[in-house]
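Asker: Chain by chain, the residues:
Protein chains: 2
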Amino acid sequence: MIIGFIGFGKVSQNLIELIDSKDIEFITSTEGRSSKTADKIQQSDVRILDSFKDVAIESDILVSANSPGNAIDVAKTYGKYADGIYLDLNNISPDTTFEINEHVHNLVDGAIIGKIDSAEPVLYLSGEKSDELLFLNDFIQTKKISDNIGDASILKLLRSTYTKTLSSLLIESSALARNHGLEDEFFEILSVTEGEDFTEKSKSRISNTLNSRKRKSEELEQIIDYFNDDDLVMVKAALEKLNR
Amino acid sequence: MIIGFIGFGKVSQNLIELIDSKDIEFITSTEGRSSKTADKIQQSDVRILDSFKDVAIESDILVSANSPGNAIDVAKTYGKYADGIYLDLNNISPDTTFEINEHVHNLVDGAIIGKIDSAEPVLYLSGEKSDELLFLNDFIQTKKISDNIGDASILKLLRSTYTKTLSSLLIESSALARNHGLEDEFFEILSVTEGEDFTEKSKSRISNTLNSRKRKSEELEQIIDYFNDDDLVMVKAALEKLNR
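Going down the list, the protein sequences come from chains A and B. For the record, in the first sequence the residue sitting at position 169 is 207 according to the numbering used here, with numbers rising by one throughout. For the record, in the second sequence the residue sitting at position 151 is 189 according to the numbering used here, with numbers rising by one throughout.
In case anyone wonders, no lab produced these hints; they're calculated from the structure. One thing to keep in mind: the hints can contain errors.
If the Cβ cut is set under 10 Å, some of the chain A residues that face chain B in the computed set are [as the list claims (entries may be wrong)]:
id	residue
1	64
2	65
3	211
4	212
5	235
6	279
7	282
Sample of chain B residues at the chain A side, in silico, Cβ under 7 Å [as the list claims (entries may be wrong)]:
id	residue
8	39
9	40
10	177
11	183
12	229
13	230
14	275
Taking lysine to aspartate or glutamate pairs in the EDC-like style, the calculated list, with each CA pair at most 20 Å apart, reads [what the hints assert, rightly or not]:
id	chain 1	residue 1	chain 2	residue 2
15	A	182	A	169
16	A	181	B	226
17	B	114	B	98
18	A	202	B	269
The beta-carbon is built from N, C-alpha and C at its ideal position, and this holds for glycine as well.
Let the sequences and hints guide you as you build the complete structure.
Answerer: The structure is reproduced here in structure tokens:
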């Protein structure tokens, strides 16, 4: 079996390391890539073809793992050459997924949860062809959500709805505790019921959010736009919190 | 040493079980108690005095653990007889704690976090006399926050600010997932990063909150009133969410 990659960032590199089987060959191309990426490709256990068109044609599974802004272009340009499964692992909205589905034959909509280079990432899949990818369970925990294209993207967005709103809540309540001289105690007392890693995890969430406040606030706007639901009181407050 | 109890609910009963020392005697009274409470007292390892006035006079540590609405009355009526430490463990606001401090001699402001009958409750204390209660560490994890009366109540309120707002967030995001037919998957995908007990804990938070929506919403109002801070965007949204 041949798995091809368009895009050679962390996701692709780690998948190649995780999927350790002598029955599977990896291919990609250095066509138009930066010299830094080309270096990484040359150091990896992957056969290098002249063009991504060739990669798309030869692959049984073509993996698109790019920056979200390129996901549609890649699908438009190479989707038509891919007769196998087209696995989209870009961090894209459900609407973008639906648009990609117009340009490729056998789309599977995927989302990796947990850091790809952590101990236990989980690959969530949706779309009818997902079943054919469940063999990946031998290498990375892989779960099919449903036959519906878009469900993996929607699920990822639902997850973000929770985690991004939680970050705003942590920012607000820890600031309140700090104003009362009780910030350390606030984290400590919550660790009693929320788990030992609460403090570290929460502080990391707070600083990640504050350090990329503009991007996080755009992501919250996208969530609110996509779901377009009057009941989203908490998510809208999270956005307001970040914009203050 | 003699520890006296005014109020004989879960908190008092469990403290008596936890503080297992032949050097410590427990006292209370059945004065004006329901027959059910009187039964519990008679079944416990505690000496029964004729009146709570006597309990207050004899105690080295007098523990007030009643329903929050009675906390001030108990302090007004018996505080003047207690020459030892007066440990208030009622679930009361900082303002109520400050008022109680007007009526008793050696107040220590306490908050038990984690269920008292769970494996590992933690007793948080504030007030200058807290040091004299740190021997309780032999029986229950006991931490002094500061010399400031009220800090234990404020810390408990800060904790509630987080947990009650989180419940509203869980109600909103799980409803959104349900509307998209992905509720089970929503909890499952979050468990990958939030911990194995996320689903069970979250569902319990959601049902607890929805089952006592009116009381939870009053508690949120008290938090907003007490802190009186324009920056409390998330907490106010949590209240709005519950009132819908």
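Asker: Decide, hint by hint, whether the structure agrees.
Answerer: Here's how the hints hold up against the structure:
1. Using the Cβ-Cβ criterion of 10 Å, the hint placing residue 64 (chain A) at the interface with chain B is not satisfied: the shortest such distance is roughly 26 Å.
2. At about 30 Å, the closest approach between the beta carbon of residue 65 (chain A) and any beta carbon in chain B exceeds 10 Å, and the interface hint on this residue is violated.
3. Annotation: interface hint on residue 211 (chain A) holds; nearest CB of chain B at approximately 4 Å, less than 10 Å.
4. The interface hint given for residue 212 (chain A) is met, as the beta carbon of that residue sits about 8 Å from the closest beta carbon of chain B, less than 10 Å.
5. For residue 235 (chain A), the interface hint holds, the least distance from its beta-carbon to any beta-carbon of chain B being 8 Å, beneath 10 Å.
6. Evaluation of the residue 279 (chain A) hint against chain B yields a held restraint, the C-beta minimum of about 5 Å falling below 10 Å.
7. For residue 282 (chain A), the interface hint holds, the least distance from its beta-carbon to any beta-carbon of chain B being 7 Å, beneath 10 Å.
8. For residue 39 (chain B), the shortest C-beta to C-beta distance to chain A is roughly 27 Å, which exceeds 7 Å, and the interface hint is violated.
9. For residue 40 (chain B), the interface hint is violated, the least distance from its beta-carbon to any beta-carbon of chain A being 29 Å, above 7 Å.
10. Interface hint status for residue 177 (chain B): violated, as the beta-carbon distance to the closest one in chain A is roughly 17 Å, over 7 Å.
11. Interface restraint check for residue 183 (chain B): the shortest CB-CB distance to chain A comes to about 6 Å, inside 7 Å, so the restraint holds.
12. Look at residue 229 (chain B): its Cβ only gets to about 10 Å from chain A, farther than 7 Å, so that hint breaks.
13. Of the supplied interface hints, the one on residue 230 (chain B) holds, with its beta-carbon coming within about 5 Å of a beta-carbon of chain A, less than 7 Å.
14. Hint status for residue 275 (chain B): holds, given a least beta-carbon distance of 3 Å to chain A, under 7 Å.
15. In summary, the hint linking residue 182 (chain A) to residue 169 (chain A) is supported, as the alpha carbons are separated by about 7 Å, within the 20 Å threshold.
16. Taken as a hint, the residue 181 (chain A) and residue 226 (chain B) pair is honoured in the structure, with Cα atoms around 11 Å apart against an allowance of 20 Å.
17. A hinted pair counts as satisfied when its Cα atoms are at most 20 Å apart, and residue 114 (chain B) with residue 98 (chain B) qualifies at roughly 18 Å.
18. Proposed proximity of residue 202 (chain A) and residue 269 (chain B) is supported: the alpha carbons are some 18 Å apart, at most 20 Å.
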